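Number of protein chains: 2
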Amino acid sequence: MTETEAAARATSSSKPSITLIWLNDSRAQRIAWLLEEMGLDYELKVYKRTESHQAPDELKKYHPLGKAPIVVVDGQVVVESAFIVEYLIDHYHPQLKPAESDHKQYMQYRHLMHYTEGSLMPFMLLAYVCMMIRNTPVPFFIRPITGRVADGLSKSFVNPNLVSNYDWLESLLKDQPFFAGDELTGADIMLSFPIESAQERMGGFYSKERYPNLFSWVERIKARPAYKKAEEKVSAVEANL
Amino acid sequence: MTETEAAARATSSSKPSITLIWLNDSRAQRIAWLLEEMGLDYELKVYKRTESHQAPDELKKYHPLGKAPIVVVDGQVVVESAFIVEYLIDHYHPQLKPAESDHKQYMQYRHLMHYTEGSLMPFMLLAYVCMMIRNTPVPFFIRPITGRVADGLSKSFVNPNLVSNYDWLESLLKDQPFFAGDELTGADIMLSFPIESAQERMGGFYSKERYPNLFSWVERIKARPAYKKAEEKVSAVEANL
Numbered sequence: 001m002t003e004t005e006a007a008a009r010a011t012s013s014s015k016p017s018i019t020l021i022w023l024n025d026s027r028a029q030r031i032a033w034l035l036e037e038m039g040l041d042y043e044l045k046v047y048k049r050t051e052s053h054q055a056p057d058e059l060k061k062y063h064p065l066g067k068a069p070i071v072v073v074d075g076q077v078v079v080e081s082a083f084i085v086e087y088l089i090d091h092y093h094p095q096l097k098p099a100e101s102d103h104k105q106y107m108q109y110r111h112l113m114h115y116t117e118g119s120l121m122p123f124m125l126l127a128y129v130c131m132m133i134r135n136t137p138v139p140f141f142i143r144p145i146t147g148r149v150a151d152g153l154s155k156s157f158v159n160p161n162l163v164s165n166y167d168w169l170e171s172l173l174k175d176q177p178f179f180a181g182d183e184l185t186g187a188d189i190m191l192s193f194p195i196e197s198a199q200e201r202m203g204g205f206y207s208k209e210r211y212p213n214l215f216s217w218v219e220r221i222k223a224r225p226a227y228k229k230a231e232e233k234v235s236a237v238e239a240n241l
Numbered sequence: 001m002t003e004t005e006a007a008a009r010a011t012s013s014s015k016p017s018i019t020l021i022w023l024n025d026s027r028a029q030r031i032a033w034l035l036e037e038m039g040l041d042y043e044l045k046v047y048k049r050t051e052s053h054q055a056p057d058e059l060k061k062y063h064p065l066g067k068a069p070i071v072v073v074d075g076q077v078v079v080e081s082a083f084i085v086e087y088l089i090d091h092y093h094p095q096l097k098p099a100e101s102d103h104k105q106y107m108q109y110r111h112l113m114h115y116t117e118g119s120l121m122p123f124m125l126l127a128y129v130c131m132m133i134r135n136t137p138v139p140f141f142i143r144p145i146t147g148r149v150a151d152g153l154s155k156s157f158v159n160p161n162l163v164s165n166y167d168w169l170e171s172l173l174k175d176q177p178f179f180a181g182d183e184l185t186g187a188d189i190m191l192s193f194p195i196e197s198a199q200e201r202m203g204g205f206y207s208k209e210r211y212p213n214l215f216s217w218v219e220r221i222k223a224r225p226a227y228k229k230a231e232e233k234v235s236a237v238e239a240n241l
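Going down the list, the protein sequences come from chains U and S.
Going by full-length UniProt numbering, the letters in the first sequence line up with residues 1 to 241, in that order.
Going by full-length UniProt numbering, the letters in the second sequence line up with residues 1 to 241, in that order.
None of these hints come from the bench; they were simulated from the model.
Here the structure is a predicted model, which is why all the values come from computation and not from measurement.
Heads up, a few of these hints could be off.
If several chains are the same, the list does not tell them apart, and a pair holds so long as it fits within one copy or across any two.
[Unchecked claim] Derived pair list, reagent style DSS-like, types lysine-lysine, alpha-carbon separation capped at 25 Å:
hint: 1; residue 1: Lys155; residue 2: Lys48
hint: 2; residue 1: Lys208; residue 2: Lys222
hint: 3; residue 1: Lys60; residue 2: Lys45
hint: 4; residue 1: Lys48; residue 2: Lys233
Chain U on its own, in the form it takes in the complex:
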């Protein structure tokens, strides 16, 4: 049975039992949004980070790496955000990826599924580390030094790379509303985390004037009923943490 046949069979058969293992301040919200877009029921199982902001050890009962998000689909544990998105789309909602016959968009989708966590997020992580270094509690007369270390890393390596990546993402939306064509796909769901984070944190170069397409795209996804529904569910859960 090919994957396409499996997907067709799964789509037509009874609904799967899905649990989403959710952790605060993680990238799990994307998966909640995806599940809402697919119209699938799921149980949200909530875990809270420890005081040192680590994932709690309990997550290791699902997978030895103990990171969220994790989904459990009919007993099958799936980890790694991009793999979760691909797995769910392939099996339950192939409409959320371009058709293979639409070659250019299909290639873009497959590329972006790897690009988001494999290329873009490492630079976002480094930007976060530079910020942490700048804020390291050190005596005030030392602060210029730790600042210099962080600035060296930002200016020579992190910022130029972030700029070229966001410029490229902006260019992808020049003639189309979503990252792999006219319709929302898993690539938009993967990219939502870094692009929304850029808006919140990268004041330096990331502005509405420079990135009008990315700003409109964020408005467009936030207006989707599924996005709102996921946000409401997660907010309700977070209020009780």
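We have chain U; now place chain S onto it with these hints.
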């Protein structure tokens, strides 16, 4: 036409024209190894990093992000290491992935294709950044401070995560010679870069005693004729850089 059919057709048809855009000190060697495993001819097009260790601007003529490796297959530009590996295997050598019917190994393969660059490499990158911070040229009386910043990041975040990731990888080889079963797959090719780098750079926790399975695996892949052939080609090219 499904992807499986496309793969079958491509495998049986005439050989594709392949160019591998190669950059020194990059992860492009993996793709050379893969192409040798597949028995495909390819042209190696060599570029050298600039003095500030960046990819040269010429790479942007292939793709706006200007990073290596890039492969051009019959005019189709493919970027992002894991996507290149998946693309080549799907189209020209499906033997390098587990059969879909071998569910557990197929899931492992798909997971590891995302895991290597999406989860493991960011920690490797942070370990490298910590090393750079420790070696930042600062006056000697300041060095303890930059050292403290780097140590803080290493001890609280980077090292514990590297240890749990390598422990997990070690466990995957407990009962099988390769990461997704009894045969070499694209997952081994993806993992070769971080695992070989760990052996070279992570003296602190990464030892033969602690990771005997990973050390044997490295010996096993290095003994493969295709690995040796790629290494020879790349060495010959590097000697002329």
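Okay, the hints, checked on the actual structure:
For the homomeric pair Lys155 and Lys48, the shortest alpha-carbon distance between copies (22 Å) is at most 25 Å, but the shortest distance inside one copy (35 Å) is not. For a Cα distance limit of 25 Å, the shortest separation of Lys208 from Lys222 inside one copy, 16 Å, qualifies, whereas the shortest one across copies, 50 Å, does not. With identical chains, the CA atoms of Lys60 and Lys45 are at most 25 Å apart within one copy only, with a shortest distance of 14 Å there and 45 Å across copies. For a Cα distance limit of 25 Å, the shortest separation of Lys48 from Lys233 inside one copy, 16 Å, qualifies, whereas the shortest one across copies, 51 Å, does not.
Checked against the numbered hints listed earlier, the structure breaks none of them; every hint is satisfied.
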